[in-house]
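Engineer: These are the residues of each chain, in order.
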Amino acid sequence: MNRRPRRAPASVSTTLRIALRFLTAKKRAMLMSLAGIVFGVGFFVVTQAQTSGFEQFFIRTILGTNGAIQIRDKIQDTMGSMAAAGHGPNAPRAEISVRSEGTRKYIEGVENPDLVMEALRQFRNVSGASMVVRGSVVADSSFRNETAQAYGIKLDDHLAVSDMERQIVRGSLEEFRAAHAGAVVGTVLAERLAIDIGDTIILRAGDQQRRYRVTAMYETGVRDIDQVRIYLHLGEARSLLKKVTGASFIQVNLFDKDRAPQDARLMEQVFRHGVASWQEREKTWLEVFRALRFSSAITVSTIILISGLGMFNTLAMIVMEKTKEIAILRSMGYTREDISRIFLWQGALVLMAGSVLGWILGAAVTYGVERLPIRIRGIFSTDHFMVDWSPWHYVAATVTATVVVMFASLVPARRAARLEPGDIIRGTAQ
Amino acid sequence: MSTTHLALRCDNLHRYLGEGEGRVHVLRGVSFEAHKGRVTAIVGPSGCGKSTLLYLLGLLDQPEEGSIWIRDRLMSNSGDLDRTAARCEHIGFVFQFHFLMQEFTALENVMMPMRRLGRLGETEMAARARALLQDVGLGDKTHRLATQLSGGEQQRVAIARALANQPAIILADEPTGNLDQKNSAMVFDLLTRLAKENGQAVVLVTHNPDIANRCDEIRPMRDGEFVR
Chain A
1 MNRRPRRAPA SVSTTLRIAL RFLTAKKRAM LMSLAGIVFG VGFFVVTQAQ TSGFEQFFIR
61 TILGTNGAIQ IRDKIQDTMG SMAAAGHGPN APRAEISVRS EGTRKYIEGV ENPDLVMEAL
121 RQFRNVSGAS MVVRGSVVAD SSFRNETAQA YGIKLDDHLA VSDMERQIVR GSLEEFRAAH
181 AGAVVGTVLA ERLAIDIGDT IILRAGDQQR RYRVTAMYET GVRDIDQVRI YLHLGEARSL
241 LKKVTGASFI QVNLFDKDRA PQDARLMEQV FRHGVASWQE REKTWLEVFR ALRFSSAITV
301 STIILISGLG MFNTLAMIVM EKTKEIAILR SMGYTREDIS RIFLWQGALV LMAGSVLGWI
361 LGAAVTYGVE RLPIRIRGIF STDHFMVDWS PWHYVAATVT ATVVVMFASL VPARRAARLE
421 PGDIIRGTAQ
Chain B
1 MSTTHLALRC DNLHRYLGEG EGRVHVLRGV SFEAHKGRVT AIVGPSGCGK STLLYLLGLL
61 DQPEEGSIWI RDRLMSNSGD LDRTAARCEH IGFVFQFHFL MQEFTALENV MMPMRRLGRL
121 GETEMAARAR ALLQDVGLGD KTHRLATQLS GGEQQRVAIA RALANQPAII LADEPTGNLD
181 QKNSAMVFDL LTRLAKENGQ AVVLVTHNPD IANRCDEIRP MRDGEFVR
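Sequence lines, in order, name chains A and B.
Using my numbering, you'd call the opening residue of the first sequence number 1 and step up by one each time.
Using my numbering, you'd call the opening residue of the second sequence number 1 and step up by one each time.
Source of the hints: derived by calculation from the structure; they are not laboratory data.
Any given hint could turn out to be false.
[Claimed, not checked] In silico DSS-like links for lysine-lysine, alpha-carbon gap of 30 Å or less:
1. B:K141 / A:K26
2. A:K27 / B:K196
3. A:K257 / A:K154
4. B:K196 / B:K141
Kindly generate the complete structure, drawing on both the sequences and the hints.
Structural biologist: Quick look at the structure:
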């Protein structure tokens, strides 16, 4: 069959030029729609910057305090679990493995931390590891006593897996390093015990009782940590807690923190220890932040949605008012596609202007919000609003606005394209 | 007359308007020819089907029955895209209410069909539009918005616009119906002079007997049929 080639649409500049003129004819209504898009995009960016900012700061805090990964209890297969596999180059090829989660047993702590630390060096994503001996103690000061947790660490190892250095608010880690019986105490606990740098505290665990000098105070901002944790040198902690060998857990830091779940799974298989990534440990809080981010995005999107409805209304009005112009354009040879493009362009123009102005508004407000003072202690420590300058917030805001505006433009554009020029000129257009 | 001079032809056109009991048989088997360089007037009382015929000939509407040829090409059964392309290339319209794009200047209005056809560059289009506006006596008002022109001036811009793509056929629906006597004469003279100079077929619908009498041919209509 001999088919004629499809007719090329009018040039972009032609339909764009007409769209621009139609837009300017409805200045006030279009400015209202534009303002809606600007505020919608702007507020979307600001709310996302804030919620993500606090979320990122929370993640930085927990990574800087408890590390990306913790290797904890040993997994031991019990009688119900059997594994038979060949080993060595001459081993038989047959392999039988029977395993049941219900028959696994967890034994507290890491029995051979040095071996695990050695093996951790084989993981390319691991940037540092620190063995920690932990135990409950009672801290006595001249004022009162408090239940606390003693954390025995090797300082340099621990600095490689935490932000401890940055978290010191009084005293110094150098003094701690030099003092055999030094202690680094959380600010909240220090306040409760009414102790200061240089003061002495007595730590009691079982029948052990030892005296320590407060050499530094830290503040993570996480109240649950700051009110209980006391850092001691590893040897001191072993003596106090009577844990001569092993470790309570090994704290691991990673180059790529986002890969923690995959690395944790691999470590669990290799070491046969319970391994928890930061995403798993802090799942509850991370879910809270995610829910907040989504809910604020949905709330702010309603502004964009409402402005989209306004734009739909305005474009529908333009279609009704411009039926004669549409008819004359059709009589001149403009196709239905051209007419549709004229109205889609109007939506696109408002969208483009609204997005750019919305980005500027969002960035300006985010900049201002970042400087607003606010004191937060509890899950992290900050004295001002936290924001995250992510380009993805701008992309997400624009995508949301694009979806709304394109839907708002599509219906009037299709209606305009469907108009029959003969009907309009005859004056019988419905 | 030989077919090489034939710009437009229709045969046995039937058109109904309205629905249900209000359905009216507006055109009852109309046949018609328009020749290059000639001006044909279609006259008749209101509602006799003159404008309906004109819109069918201009491919703005489709007949229920019958055939329309534009420059020997059967167009009555063509799809919307082909009919739209034929309008762009071969047909120029002048309407009673001129239908200028109010947000555009006279020059831009005349350039509008040329932009769609896309055969000329921006400078050439502007030059041709200026020349056409000069021809219709509006050379000094090219940059005025349509709203800043009088009724007669707007109709002259509409004529320039209809001639923009050098179409073979000019269809005019009561082009002087909204103008005073002086402007009517001026617009008619312009339309016929320019069309004859370019060898275009002009078909105009009019109620004005003075205008009709100055055409090369008069085709009176009554009740959806030509009576002569």
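Engineer: So, for every hint listed, does it hold in this structure?
Structural biologist: Hint by hint, here is what the structure shows:
no. : hint            : result
1   : B:K141 / A:K26  : 26 Å, holds
2   : A:K27 / B:K196  : 44 Å, violated
3   : A:K257 / A:K154 : 22 Å, holds
4   : B:K196 / B:K141 : 25 Å, holds
In this structure, the one hint that does not hold is number 2.
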